[in-house]
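Since the structure of chain A is already known, use the hints to place chain B on it.
2 protein chains.
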Amino acid sequence: MPIRLTSHSADFNERFNAFLAMKREVSADIDASARAIVDDVARHGDAALIAATKKFDRLDVAAGGLRITLAELEGAVKACDTATLDALKFARDRIEVFHRRQLPKDERFTDAAGVELGWRWSAIEAVGLYVPGGTAAYPSSVLMNAVPAKVAGVGRVVMVVPSPDGKLNPLVLAAAQLGGVSEIYRVGGAQAVAALAYGTATIKPVAKIVGPGNAYVAAAKRLVFGKVGIDMIAGPSEVLVIADRTANPDWIAADLLAQAEHDANAQSILITDDETLANDVARAVEAQLTTLPRADIARASWNDFGAIILVKSLDESVGLADAIAAEHLEIITADPEGLSARIRNAGAIFLGAHTPEAIGDYVGGSNHVLPTARSARFSSGLGVLDFMKRTSILKCGPDQLRALGPAAMTLGKAEGLDAHARSVGLRLNLP
Amino acid sequence: MPIRLTSHSADFNERFNAFLAMKREVSADIDASARAIVDDVARHGDAALIAATKKFDRLDVAAGGLRITLAELEGAVKACDTATLDALKFARDRIEVFHRRQLPKDERFTDAAGVELGWRWSAIEAVGLYVPGGTAAYPSSVLMNAVPAKVAGVGRVVMVVPSPDGKLNPLVLAAAQLGGVSEIYRVGGAQAVAALAYGTATIKPVAKIVGPGNAYVAAAKRLVFGKVGIDMIAGPSEVLVIADRTANPDWIAADLLAQAEHDANAQSILITDDETLANDVARAVEAQLTTLPRADIARASWNDFGAIILVKSLDESVGLADAIAAEHLEIITADPEGLSARIRNAGAIFLGAHTPEAIGDYVGGSNHVLPTARSARFSSGLGVLDFMKRTSILKCGPDQLRALGPAAMTLGKAEGLDAHARSVGLRLNLP
Numbered sequence: 001m002p003i004r005l006t007s008h009s010a011d012f013n014e015r016f017n018a019f020l021a022m023k024r025e026v027s028a029d030i031d032a033s034a035r036a037i038v039d040d041v042a043r044h045g046d047a048a049l050i051a052a053t054k055k056f057d058r059l060d061v062a063a064g065g066l067r068i069t070l071a072e073l074e075g076a077v078k079a080c081d082t083a084t085l086d087a088l089k090f091a092r093d094r095i096e097v098f099h100r101r102q103l104p105k106d107e108r109f110t111d112a113a114g115v116e117l118g119w120r121w122s123a124i125e126a127v128g129l130y131v132p133g134g135t136a137a138y139p140s141s142v143l144m145n146a147v148p149a150k151v152a153g154v155g156r157v158v159m160v161v162p163s164p165d166g167k168l169n170p171l172v173l174a175a176a177q178l179g180g181v182s183e184i185y186r187v188g189g190a191q192a193v194a195a196l197a198y199g200t201a202t203i204k205p206v207a208k209i210v211g212p213g214n215a216y217v218a219a220a221k222r223l224v225f226g227k228v229g230i231d232m233i234a235g236p237s238e239v240l241v242i243a244d245r246t247a248n249p250d251w252i253a254a255d256l257l258a259q260a261e262h263d264a265n266a267q268s269i270l271i272t273d274d275e276t277l278a279n280d281v282a283r284a285v286e287a288q289l290t291t292l293p294r295a296d297i298a299r300a301s302w303n304d305f306g307a308i309i310l311v312k313s314l315d316e317s318v319g320l321a322d323a324i325a326a327e328h329l330e331i332i333t334a335d336p337e338g339l340s341a342r343i344r345n346a347g348a349i350f351l352g353a354h355t356p357e358a359i360g361d362y363v364g365g366s367n368h369v370l371p372t373a374r375s376a377r378f379s380s381g382l383g384v385l386d387f388m389k390r391t392s393i394l395k396c397g398p399d400q401l402r403a404l405g406p407a408a409m410t411l412g413k414a415e416g417l418d419a420h421a422r423s424v425g426l427r428l429n430l431p
Numbered sequence: 001m002p003i004r005l006t007s008h009s010a011d012f013n014e015r016f017n018a019f020l021a022m023k024r025e026v027s028a029d030i031d032a033s034a035r036a037i038v039d040d041v042a043r044h045g046d047a048a049l050i051a052a053t054k055k056f057d058r059l060d061v062a063a064g065g066l067r068i069t070l071a072e073l074e075g076a077v078k079a080c081d082t083a084t085l086d087a088l089k090f091a092r093d094r095i096e097v098f099h100r101r102q103l104p105k106d107e108r109f110t111d112a113a114g115v116e117l118g119w120r121w122s123a124i125e126a127v128g129l130y131v132p133g134g135t136a137a138y139p140s141s142v143l144m145n146a147v148p149a150k151v152a153g154v155g156r157v158v159m160v161v162p163s164p165d166g167k168l169n170p171l172v173l174a175a176a177q178l179g180g181v182s183e184i185y186r187v188g189g190a191q192a193v194a195a196l197a198y199g200t201a202t203i204k205p206v207a208k209i210v211g212p213g214n215a216y217v218a219a220a221k222r223l224v225f226g227k228v229g230i231d232m233i234a235g236p237s238e239v240l241v242i243a244d245r246t247a248n249p250d251w252i253a254a255d256l257l258a259q260a261e262h263d264a265n266a267q268s269i270l271i272t273d274d275e276t277l278a279n280d281v282a283r284a285v286e287a288q289l290t291t292l293p294r295a296d297i298a299r300a301s302w303n304d305f306g307a308i309i310l311v312k313s314l315d316e317s318v319g320l321a322d323a324i325a326a327e328h329l330e331i332i333t334a335d336p337e338g339l340s341a342r343i344r345n346a347g348a349i350f351l352g353a354h355t356p357e358a359i360g361d362y363v364g365g366s367n368h369v370l371p372t373a374r375s376a377r378f379s380s381g382l383g384v385l386d387f388m389k390r391t392s393i394l395k396c397g398p399d400q401l402r403a404l405g406p407a408a409m410t411l412g413k414a415e416g417l418d419a420h421a422r423s424v425g426l427r428l429n430l431p
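So the sequences go chain by chain: A and B.
To convert, note that position 305 of the first sequence is 305 in UniProt numbering; the numbers rise steadily by one, no gaps.
To convert, note that position 9 of the second sequence is 9 in UniProt numbering; the numbers rise steadily by one, no gaps.
Bound conformation, chain A alone (with noise of 0.2 angstroms):
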């Protein structure tokens, strides 16, 4: 059974942030074997690669074959469902559309003493994608990450994605093609991440690595984080559902259930005002459990990990929503953007009864590479900005030194740092 919590009992609060405190997954101490993976690979290369794709994938390829070729891709496009296809390259159109609005702008100003500032932002050179093999490797996730980083201007995406006992997902392929990526290896795990980092004679390494994964790829892009960047590490996804009386319940249960259905140990959460709704929310849960093929998945996350949370008044929302700082928030409510607008914490947000989060997984535009477990207090979905880097730019005439330097010069020496006095001293023959 969910929780069910009520805002006005006594023990609310402590039991509120108990479930807050409640882990989700249990990580493995998986440190040392993919230290030991990462390691091997840095070392000895293709060789390194090879063997732990033969050892973990039972995959036995040559150096020549870690590559996927272009015969490879078309044939694997070809295999796909027209409908599908159509789906992918309507979702495709839509991200990109989104996504181009985050292009940054450079700046450049004059400031009153003359001095000449800005920035300017540029293209990550290369980027590894990691796309997980087996029932997780969905063709959507490949759009969600290939698709900004083509936007921001990244020459080389380069996809890595295991295939255990040599097969691979065609449409996960096609997403690959849709989505411009440039080089694909059928490798995956510690190892393909290390390739990636580190590269090899046959993958030239990169400068960021980001996607999801298994706990070794996580642990991997823990390890080789500084020599290259990361993204997040993405923890078990989660929904919020804010509804009040105008709420249809079988929607919201819907809602709930495609979350529940991904993971179990996935969260859906539903916060209402209206103890009606609440109860039939409940009962449409149990009823749709019924006839859903992942059933036991679904269930197995609604028992554990859901929650009902029952408020006085919508007010209180605002304060709770901030504290579970959905990676999804539906507001299906009489006024939704009223809501919206008072809630900060959030790495999506769903407005009113006709925007499913569903929409957002696949076609909606925005990307669907959310902040996971809690982490919309502090960092962002997915975007161009996650592939680009900004250079800021400095620019000093004589007089601009004249006006700026004794102050640097006090400070350096404050600091102790007399070089630094000196190299502004030096220029505007200052002692």
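No lab work stands behind these hints: they were computed from the structure.
Check before you lean on any hint, since a few could be wrong.
Put simply, identical chains are the same to the list, so a pair is met inside one copy or across any two.
What the hints assert, rightly or not - In silico EDC-like pairs for lysine to aspartate or glutamate, Cα to Cα no more than 20 angstroms straight-line:
1) K413 x D296
2) K204 x E125
3) K55 x D31
4) K227 x D29
5) K23 x D39
6) K312 x D274
7) K227 x D31
8) K54 x D39
9) K54 x D40
10) K105 x D280
Leaving out everything else, chain B in the frame of chain A:
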């Protein structure tokens, strides 16, 4: 002696790559000790924090004494030299003006299908600022971290700074006050990072931790990453100067030494197409070292990690600069703008003979917290966006859901996520 490379020698590529791969910092394996400290503070709060402070900083303090009082702060400000305080204020104001321009705009648009899309930015609610104790306690760094946080709109900026044997640097406290820091605690090391991340009875937790620190601090930041956000892990600092025959060798030597005096692991590199300049700079460095207070540190850095690279044409410097991806890049040539426009990887660029890096360190206005150790290939200097996060927004009405829904259902089914498809289908009366 610094390394001397000439781009037209037969073994240049090999030697340049070895130079790039050179490790300047041996990372001690202190993860286990850092983890023990972090776990202890996470479990036992103030008691563990106080015990660690007694052990590592030799400071016996009760929970009530952890926070630095307003009276102490005002006393510290009074103890500071007026000229230095004025220089700090001058720096603070310039940093604020520059960073205000980084405030991002929210976006909201309606596409051809009538779908409303966009995003909004909000400040992180509470941020921790780590400030090292001892010789590396730089008031300028306090400003560089605190001012962008305040500009972003962060409500609580919580500073931690160790006071070994009870000693604090008054200028650091003065900078904290000028920078708008909300709370200051006299704790440091992994224990301070843990207190900020997990909170104690005395220190309320924050959502993100920024600022430089020693190996224990860096290890602790890696450990709490995910629970809270962290900034980049700062490595040893570096400068690359690209100069031609128009440059003054004494000025360049001073700039190379300003970098070298930071740390024996710092790195100063000159690339020039003029052999006379190369030799004059090498001589000037030796001459200036004889009168430099921190000559021992600067000499060690210059001899162990310094480099002079002679190229046939400055065109070659573009590729080399991108490979080096320097934290600081000075361009002192006849056409610095022209060369700058061709270089992609650098933390900050200082244009022309009258823009020594020390101006950017203190009073230019741009941030001096910049990506080190080649990480300018994939990351940016600290800025206002590091203290904010973006929430994406999506809003469909019935017509828009009818337009987008079928493609979302197709993709949901293709990914085996039937509840996703159902959450759309229920609303559209589609199977």
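- prompt: So which hints don't hold here, by number, going up?
  reply: Violated hint (a single one): 10; every other hint is consistent with the structure.
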